[in-house]
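Residues per chain are reported as follows:
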Amino acid sequence: MERNRTASTIGTTLLSLLLVSPLALGQGTQGGSEAKVGPVPRAPLDLLYAREYEVERAMTFCAGGEALEVKKGYILVIKADLDLLQPLNSPDFLLLGETAALHKVNSGYKDGHLVIVTPALDLEKALVFFGERMVPERMTKDFCDQQLAAARKRGIKPFTRSKVEAARKLAGAKLKVKDMNELWFETRSLILEYAPAERDMAMSLRKGDGK
Amino acid sequence: MSLFWLLASSVAVLSGPAHDLTARFSDDATESMTGVFLQVNTLACDGSDPTATSFAATRLLMRSFVMSNGGVTSGLFVLSAEVLYGDSDMIEVFDVDGRKMALPSEFAFDQLPAGIMVSARSTGRVILRLTHESAFTTIGAPENTDEVLIRVGPFPGLAGHALTQYPFFEFPCAINQNRTVAVALDPMRHGERLGLAYDVYIVGHKSPDGWTADPVLTDLTGCFETAIVNGTTIQQNTTLAWGANLVGDAGVGLGVPYDAVLDFDQNGRLDPGDLIDHLSQDEAGFYVLKDTTRKGPLVSNSFEFDNSALFYTEGFDGGSTRSMRSRGLVVYPDPLPEGELPLVTFSHGNTGIQNSYLGYRYLQELLASHGFITASFDMFPAHVSLGIRWRGWLTNKNTERLILQTQLLDHNGNPYPPMGGGIIDDKVDGDRIVTSGHSRGGEGVIVQYNQVAFPDIPGIRPPNGTLDGYDADSFLGINAIAEVNFLTADEGSTPRDRNFLLYYGGSDADVCGCVSGATPTFHYGRADGNKMMSYLYGAGHGYYNQLWSCVCEGPLQLTRNQVERCSKGYLLPFCMMVTYGNVPAKDFFTRSPNVFRPIGCETIPPEQVMVNLYRDAIAAGNFVIDDYETNFGTGRNSSGQDVTFTVLDLVERLFEDTNPAGGWGSGEIDGGFWWETRGCIFNWNGVVFEYVQTIAPEERDLSDDRYLSFITCQQADHADTTGLAGDRDITVSLVDGDGVKSSINTLSYGGIDEPYLRSGGWGSAFKTYRLRIADFEADGSGIDLKNVVSMKVEVGSDFGSVRGRLGFDDFEIIRK
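Listed in order, the protein sequences are those of chains A and B.
The numbering of the first sequence is this note's numbering, which starts it at 609 and goes up by one.
The numbering of the second sequence is this note's numbering, which starts it at 2 and goes up by one.
Be a bit skeptical, because a hint or two may be false.
According to the in silico footprint, chain B covers these stretches of chain A (three or more CB under 8 Å from chain B) [to be verified]:
{"#": "1", "stretch": "669-678"}
{"#": "2", "stretch": "696-703"}
{"#": "3", "stretch": "709-721"}
Distance condition first, Cα-Cα at most 16 Å in a straight line; then the derived EDC-like pairs of lysine to aspartate or glutamate [said to hold, decoys possible]:
{"#": "4", "chain 1": "B", "residue 1": "Lys817", "chain 2": "B", "residue 2": "Glu315"}
{"#": "5", "chain 1": "A", "residue 1": "Lys786", "chain 2": "B", "residue 2": "Asp283"}
{"#": "6", "chain 1": "A", "residue 1": "Lys815", "chain 2": "B", "residue 2": "Glu315"}
If you are wondering where the hints come from, they were derived from the structure by calculation, not from laboratory data.
For each residue, glycine too, the CB sits at the ideal point set by N, CA and C.
Work the whole structure out from these sequences, hints included.
Next up, the structure:
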């Protein structure tokens, strides 16, 4: 049998030992000026540029919950709502081409233009859209399927033929390069043109020669 | 037996033997029954070298005894020990010159009186016995023997603060200079001293050898106080020793060390038998601290550096090859103190705000004024994809540059350009680095460490990337501020065994703790080193950086000034602790902010709750009663023992809520727990409920351990949470093998805080409670701390709050 030999007194608090009047300092909401974010999935506002590429050394994309080795695809420039490009720290809104996470070369948060690299897509049939916030490497097949289904349900459509044709015409011939480094280096001029606020980032891009 | 001897024996029994064994500062009439108290002598001395100065020091923690012959003129006296409870060698006996004596030892009648010194090696009870043997005595007869019971147990200390409920006194290490200092003596622990007067001194700290060289007591409070041991409670024996004007300014250091001494012979000197607070080689009795939010004595200066395309980096982590800009702000003490100084770096997170690296200047200036070289780096060059590894690498390359400066060559073979005119060349200590990062920069600095310590993790470093000038051991601390967790532990996103400090706010509207990849608490769970967390209910994401906006949602938001004060108030102690081994700094994390916090944060009102977490490194070797990571199921703890309970709806599970909306729900019983570790949750509503953890048989001796520690918090949205507003309190009890129970209610150290109400998600804010083991003995509770068989969490109106729902984790016994 237990015998409680303490004189424990319950029901008092020490808080008053330290803490002084709540009026001592002002409170209230400050900041909170961040833009409100609209719903996703959401389509880009526009397709401005589309250039086919081919690399000798494959690049990796996250697609459908798996790693996808890619040697062909597109460099695109799209316009997007700024609230989707707001530079927060939680995971970015995924930019998906069907179930593949597309590579964003720049941030686009000031100019609203994103230079992106995609795997091979049929631009007239594939859905390109912003999905929920997620780290691409953490995407599962179910998640990707859910995102795509949600995009379709929301009525997101592929780029129109005329839009794709115009973007491809502007871009010109297919780009053939050695690897991702050369490919990204080729986007430098696009960033300077479409996202000049990110000049520093553009100028830092190197081909990989070390010089 | 003749009538003469019968009478003689009776007289002797009634009056005791003529000879005497008496402990100094004890009651000769009761010392064989109530005994005398000794603390374990933590100062090493084997007695083999009587000339060694160490004996002179260790004797300060011994008890002196006097053996007298009572006028006997023949025969022998035998000094012996009988261990009643404990190790056979639990005490050592020395002569006054420090020669160790074997027991039993014999003394000729004419060798007495003589003094001896008794030192305790471990806890327990032993009878020290002086027996007279002669042709006229009966061996073993009571009239020929004088005994002293020696009780060796935990000694909580002397200095601290009174509490309003059991255990009625707190014996902290650190005391803010705007408080007072009291001393307390438990009259039950020190029962042999009842009725004795003593003088209370607060003196400048001395090492054991320092006390040996100069035992004079010089009170620093204006005058010493005099008191008498009386009554039966600690409250009756609490004396205000320093009532005002505490001095806590240690210059560039943190905490002015003091010793509290109870001078029982009132001779103004520290002698064996006097009581002193924690005499040790490493620590003072207590420390008085200044406001850690305020600058130190050194003037700081600064310079910026900006060298484009300095760090050529081959493509990795989803980004292509590029040359990163080396840009940042260095703040340093000016003039620079001699020698190399520890380095603290800052790495900001993802942002559209240019020059965000200037936003930690308030922390840099605070640290520089205390002798740190600090640097904050521009992370814009690392804005590549999600860029965690890039951020880590950029921080590493900048750190390397700070240490090696122009000794480094760029990718073209040219020396790095000088930085700040060379002012800090050769001044940065590459062996003492604290790295701090915010948001994506926070995970970046965690990965930064792993890039150095575990370069073979696939993809963690860029191809052919090199680092010189420091290594994994150089990282003495990692401070992550509201950081993301995009990467897994296997990918290097874990603080591992480094000292880790997490800052996080309950109103963070960016890294909200409620979606995948934005749960900073995961890193706390992954950390194996000493880890601590400062959680602020009303802090958003941005105010940790002076250029960012609040980025917050929810009520009771903290102002920028409040967030900065909390950020400063805890970062300085953290840096002091990990780089200099500062002792009192740890108190900022082990004690609840309800009872101890930076002075500059004391004006933050109670409803803007501050919560702390602390856990010792796994390597500390504490005994984990239950961390829920093994032996899944509610009937067995992780140390393999039974768990019983009458609490309601008990569950054990992984605390990894996947639904950001709200807290508890019938389909989401762990709602609101954004953690990556397992724990238990239960509720109650009524008078008496309990949750009982059995202590493993081999671990039941807690008498030389320091604390019982656990973490707990309320769970949001459950009816037993919302049905009763406010904080919760519970009672934690230890029960010994005879069923004796001793209990401490958690309100002594602040309530279990009401959850923070926020739109968009709840965070269950665990807080650490550390209950001093010795306190369970206070006021003669009678518990046998050498045989504690169970630990109980007792809830209900008989023990605290009438209803509630709490989560728990990490019940453990802190060894040292």
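Against the structure, the hints come out as follows:
With 0 residues bearing a CB less than 8 Å from a CB of chain B, the stretch 669-678 of chain A misses the requirement of three and the coverage assertion fails. Look at the stretch 696-703 of chain A against chain B: 5 of its residues bring a Cβ nearer than 8 Å to a Cβ of that chain, three or more, so the hint holds. With a threshold of 8 Å between beta carbons, the proposed coverage of the stretch 709-721 of chain A by chain B holds, since 5 of its residues qualify and at least three are required. Proximity of lysine 817 (chain B) to glutamate 315 (chain B) is assessed by CA-CA distance (about 47 Å); at most 16 Å being required, the pair is judged violated.
Between lysine 786 (chain A) and aspartate 283 (chain B) the alpha-carbon distance is near 62 Å, which puts this suggested pair outside the 16 Å criterion. Restraint check for lysine 815 (chain A) and glutamate 315 (chain B): the C-alpha separation of about 9 Å stays at or below 16 Å, so the hint holds.
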